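Protein chains: 2
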Amino acid sequence: MPKGYAGRILHVDLTNGKLEIEQPSEAFYRKYMGGSAMGTYYALRDIPKGADPLGPENALILTLGPVTGLPISGNSRVTATARSPLTDTIGDSQAGGFWPAECKAAGFDGIVIKGKSPKPVYLWLHDGEAELRDAAHLWGKVTGEAEAQIRAEVNEPKAEVLQIGPAGEKLVRFACLINMCTRANGRTGMGAVMGSKNLKAVAVRGHQRPEAADPDKLRELARWGVENVEVRMGAMRKYGTANTVGGNQSAGGLPTRNFTSGSFDEYEKISGPTMLNTILKERDTCFGCAIRCKRVVEIKDGPFQVDPLYGGPEYETLASLGSYCGVSDLAAVSLGNQICNMYGMDTISAGGTVAWAMECYEKGALTKADTGGIDLRFGNAAAMVQMLEWMGKREGFGDLLAEGSARAATEIGKGTEKYLVTCHKQEFPAHMPRVKRTLGLIYAVNPFGADHMSHEHDPNYEESYEGHRNGLSSLGLADPQPPRSLNAEKVRFALTTQWAYSCLDTVNVCDFVWGPTWQLYSMNQLVELIRAATGWSVSLYELIKLGERRLNMLRAYNAREGIDRKDDVPPQRIFEPLEGGLSDSWAMDRAELAQAFDTYYEMAGWDVATGTPGRAKLAELGVEWVADIVGL
Amino acid sequence: MPKGYAGRILHVDLTNGKLEIEQPSEAFYRKYMGGSAMGTYYALRDIPKGADPLGPENALILTLGPVTGLPISGNSRVTATARSPLTDTIGDSQAGGFWPAECKAAGFDGIVIKGKSPKPVYLWLHDGEAELRDAAHLWGKVTGEAEAQIRAEVNEPKAEVLQIGPAGEKLVRFACLINMCTRANGRTGMGAVMGSKNLKAVAVRGHQRPEAADPDKLRELARWGVENVEVRMGAMRKYGTANTVGGNQSAGGLPTRNFTSGSFDEYEKISGPTMLNTILKERDTCFGCAIRCKRVVEIKDGPFQVDPLYGGPEYETLASLGSYCGVSDLAAVSLGNQICNMYGMDTISAGGTVAWAMECYEKGALTKADTGGIDLRFGNAAAMVQMLEWMGKREGFGDLLAEGSARAATEIGKGTEKYLVTCHKQEFPAHMPRVKRTLGLIYAVNPFGADHMSHEHDPNYEESYEGHRNGLSSLGLADPQPPRSLNAEKVRFALTTQWAYSCLDTVNVCDFVWGPTWQLYSMNQLVELIRAATGWSVSLYELIKLGERRLNMLRAYNAREGIDRKDDVPPQRIFEPLEGGLSDSWAMDRAELAQAFDTYYEMAGWDVATGTPGRAKLAELGVEWVADIVGL
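Just so you know, the sequences run in chain order L and A.
No gaps in the numbering here: position 435 of the first sequence is 435 in this note's numbering, and each next residue is one more.
No gaps in the numbering here: position 184 of the second sequence is 184 in this note's numbering, and each next residue is one more.
Rather than coming from a laboratory, the hints here were simulated on the basis of the structure.
Nothing here was measured: the structure is a model prediction, and the numbers come from that model.
Among the hints, a few may not be true.
[Said to hold, decoys possible] Below, a list of computed lysine to aspartate or glutamate pairs in the DMTMM-like style, where the Cα atoms sit at most 20 Å apart:
#1 A/Lys566 x A/Glu592
#2 A/Lys217 x A/Glu227
#3 L/Lys217 x L/Glu227
#4 L/Lys566 x L/Glu592
#5 L/Lys238 x L/Glu268
#6 L/Lys217 x A/Glu528
#7 L/Lys490 x A/Glu624
#8 A/Lys158 x A/Glu131
#9 A/Lys393 x A/Asp370
#10 L/Lys49 x L/Glu624
#11 L/Lys114 x L/Glu129
#12 A/Lys281 x A/Glu298
#13 A/Lys418 x A/Glu576
#14 L/Lys217 x A/Glu220
#15 A/Lys490 x L/Asp628
#16 A/Lys217 x L/Glu220
#17 L/Lys269 x L/Asp301
#18 A/Lys18 x A/Glu129
#19 L/Lys49 x L/Glu561
#20 A/Lys217 x L/Glu528
#21 L/Lys116 x L/Glu57
#22 L/Lys490 x A/Asp628
#23 L/Lys116 x L/Asp46
#24 A/Lys490 x L/Glu624
All chains should be built: construct the whole structure from the sequences, respecting the hints.
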């Protein structure tokens with residue numbers, strides 16, 4: 001393991017304020033490594049069957065990884081794991097920033113938080129010490145204010161604060177965790193779990209930076225990254241993830257007006273170049289990263305003014321608050337982003353929920369009587385902003401929307417379910433199954449609902465595939481397939497890259513920096529990274545099996561809750577034709593997708609009827625104990 | 001691919017004498033690589049369902065690999081693939097020597113031989129050219145004579161000759177292919193297949209040595225091997241595989257008197273040190289190998305005189321002709337080895353068959369009336385030698401034994417089946433399931449019958465496990481298990497290392513030199529080797545999946561012939577207690593083994609009822625076409 005690698009897991013029982021430190025064995029670290037697999041290990045072990053996601057019996061687990069805090073791009077990631085109040089499945093979400101590296105330097109690899117504090121508290125970790133502090137005076141504060149106040153209180157201007165905003169306090173089901181007021185563990189409502197525990201924040205500060213087992217090799221890898229970042233990641237550096245707006249529009253896959261279209265006429269107004277040439281104030285970075293993909297925007301005039309403290313919108317946000325809602329006003333989208341970061345809400349689910357409500361409104365299922373007088377039609381920028389603010393405060397119509405679109409549809413009825421664009425009750429991210437067909441499968445089978453960072457999206461044209469082939473070959477994936485097919489080879493592509501991304505979220509590195517295709521570093525280089533960091537003779541085989549192990553553990557968690565194949569259901573929308581643009585009339589084929597599901601479960605080694613791993617499969621992954629816990 | 005890498009497959013139709021050269025794509029090479037996977041590809045494609053193993057419709061496929069002929073240890077291997085006349089399953093066997101490297105230099109990566117020549121012929125490959133030559137005058141000659149004559153005829157003293165002896169000509173069911181008169185593709189009766197085609201030999205000579213894509217990296221790896229060979233492989237260098245006699249005796253696992261005991265009182269007389277100190281003439285090597293594990297012995301006096309032309313006995317032979325038969329006369333064993341090499345017979349099946357007959361004789365099921373007057377009791381060295389010679393010539397009682405023990409037992413009846421020590425009709429190699437329990441599983445499930453080089457045997461004491469752990473960790477196998485257990489973790493160990501060895505036999509490197517545990521080089525170094533040789537960015541994930549692909553293709557081949565789980569049956573003997581020594585009274589447990597079978601098939605992703613991969617599993621391995629061919 002890295003020198004100075006903490007090897008320490010903090011267990012917090014908020015009900016009685018008890019803090020305990022566990023030091024797992026090196027074998028444990030090698031088997032579960034960190035991130036999502038480690039989080040799921042504790043979720044399986046410590047969350048009882050049938051736990052209420054918002055009850056004290058749920059556990060919120062924050063985990064780092066074996067390379068967190070080392071001086072190389074993409075190292076600083078934190079995974080949050082808990083049973084999700086949005087999806088009811090296991091929840092899982094990653095974020096970057098400086099918090100993860102700082103938490104490692106403070107002496108902790110992971111934090112397992114159980115129970116419920118009788119009053120609001122925050123956790124303060126510093127140089128190996130851990131303490132709970134009163135947070136009554138912070139409750140209700142937006143993230144920027146709370147962060148400043150905590151730093152002042154602990155007298156550490158460099159303390160990093162991972163926290164919830166008012167949305168998490170009020171149990172908005174897609175509330176996020178946020179650090180630096182800009183980096184969100186966005187998906188699956190981890191902020192509501194933290195809020196349900198009366199925990200406002202986890203502040204960290206430490207001075208023990210980890211040191212790699214092989215510092216020379218690590219330096220060599222880091223140098224390679226710096227030397228290659230411009231040629232491999234130039235567009236990401238220049239435009240950030242916003243660059244993807246144009247790419248998806250060109251492919252007919254920019255989700256528009258609640259996924260009724262893949263083409264947004266006004267896409268240029270919310271594109272990377274427009275942001276660069278108008279409101280961009282500066283580029284921001286996570287700890288140690290050479291890419292600097294994060295955006296900081298500032299708007300001082302007009303109806304939608306934006307504070308650079310809250311960063312700037314990512315691609316997902318430009319789409320979810322922009323094209324999903326038919327909104328092309330970049331300032332409004334940026335302010336919407338700020339509201340989400342202030343209140344602590346996932347921009348994807350927030351925007352997806354607003355877009356769904358807009359369609360309901362346009363189709364007459366909602367009226368101004370429902371919306372508090374707001375004319376909630378597509379393209380109404382101010383309405384979008386208003387809805388976000390009401391959601392964050394759970395005020396007015398926002399209180400219902402704060403439940404997420406799936407629960408809101410159940411509440412409203414009137415056929416509004418047919419406008420849902422969700423899997424496992426989680427709103428789709430900004431990538432279109434009708435354009436990249438494996439998404440139609442993976443959004444449904446992914447154990448925590450629709451997620452865009454759980455596998456490699458289908459390469460949607462031959463040139464990009466060629467560029468990816470070298471990396472994919474190391475996974476045995478080198479045969480190009482016809483566009484928009486969902487044959488067995490495409491299912492294999494989806495499953496294998498799902499294992500790869502599952503590994504990335506367990507090693508806990510940034511999926512933009514490390515990965516099988518377009519990323520700065522390849523999967524083979526990831527092997528080198530972990531060898532350099534830990535001194536272990538890891539192989540890519542070991543790492544992909546680690547990813548498969550984590551994926552199976554997640555499915556097993558769900559199986560214990562009775563959640564299985566019957567719940568892996570894509571929404572009606574993906575079978576409807578898209579309107580306009582390149583993708584005009586494209587729709588997914590039900591029979592082809594049904595076959596793909598069968599193939600997927602069988603390829604995964606799961607029972608085809610239930611989509612659940614059996615005891616032998618879990619044993620094949622070295623986790624037979626999971627079968628005992630889950631009762632398989 | 002390596003510069004000068006031939007990329008050429010020779011297709012031979014012996015019925016009409018037609019020779020064709022195929023040049024497969026690089027993608028084909030990367031998917032099937034060489035060796036056994038490539039051989040099985042052609043077997044599935046070119047051998048029709050229901051083929052008679054000894055009929056012209058069978059194909060005999062000889063394949064090299066991506067590193068064959070490169071200047072590094074363990075590179076020079078040839079795999080033979082055909083439907084087996086011994087096991088009725090797909091047959092598969094590897095050999096080393098100089099032939100493989102020379103075949104590569106002659107311009108061929110593989111040879112697919114179909115049909116049946118109207119008269120005896122041999123194939124002569126030289127510098128990219130291929131021709132069939134008359135072999136009528138060679139038919140009936142022992143290997144040493146035929147080799148000398150062929151070299152003279154082609155006027156190439158450095159030509160290498162892979163051939164059959166009289167046993168192959170006479171369709172002895174365990175006849176082997178042999179090159180250098182000492183290197184045998186021993187198992188599964190590939191020599192009988194070649195004999196059935198009237199093909200005496202494949203002689204090769206060429207001058208185009210392959211060059212690695214990264215010669216510096218290859219040199220570095222080769223140098224590492226030379227520098228580490230003494231410390232890692234010292235005992236193998238000094239004693240050859242004969243060193244294993246003492247090791248297995250100490251562990252209670254030296255198969256003795258037809259596997260009724262694991263302890264041979266006189267083991268020292270046939271041990272590595274005894275050979276070294278008495279009859280060893282010199283050490284021999286395969287092309288480019290630093291280990292020099294091969295033995296050459298010479299005996300000029302006494303009743304059992306031995307010609308160094310035929311090398312010396314390996315561990316397997318010392319056991320099969322020695323302890324299996326209760327014979328401790330090293331000279332007799334060495335002469336038996338010579339007879340097998342002269343006539344071209346697998347020493348394991350030959351010795352196993354004699355040992356079985358000896359038990360039948362001792363137990364009264366055979367008498368001198370059956371054996372041609374020979375007193376065929378355990379320990380009768382001269383009788384063992386006589387039986388081998390008769391088998392090779394199919395004379396007298398040897399004609400029946402030439403069918404192998406399983407068919408002979410069926411012929412004889414009288415309860416002799418209960419003394420069989422076979423799986424899929426193939427005699428056990430010299431490793432004991434009752435001592436290393438995963439062998440009880442793998443001998444039965446291996447697609448071509450009992451084989452000792454298809455997985456990593458259970459480490460049988462804690463120290464050796466510790467020494468192996470670093471290599472096993474790269475396969476995710478690091479948890480020691482209780483000795484003689486066959487729990488799910490042990491099954492996982494067996495299956496995962498089976499994939500690893502399957503990869504080794506497909507890359508076609510020597511399992512003594514490259515492998516997951518005790519070998520000179522690790523699996524991670526194998527990745528480096530293939531990268532250096534080919535320039536491909538291979539990963540261990542890709543290689544292990546390659547091994548899994550090959551194993552699934554073999555099982556699929558058998559499924560087409562109706563051979564499946566019902567045929568994966570271990571013999572009664574492994575459930576009987578061993579007699580004497582450390583392993584006294586050890587027996588395998590039927591219930592535990594039955595559970596291990598279920599676990600194994602499920603872990604492998606196969607139908608548990610049939611032990612056969614389905615379409616989705618084959619597609620997951622990138623070979624969905626196999627499902628079409630096999631009808632799955």
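inquiry  = I'd like to know which numbered hints this structure contradicts. Please list them from smallest to largest.
reply    = none
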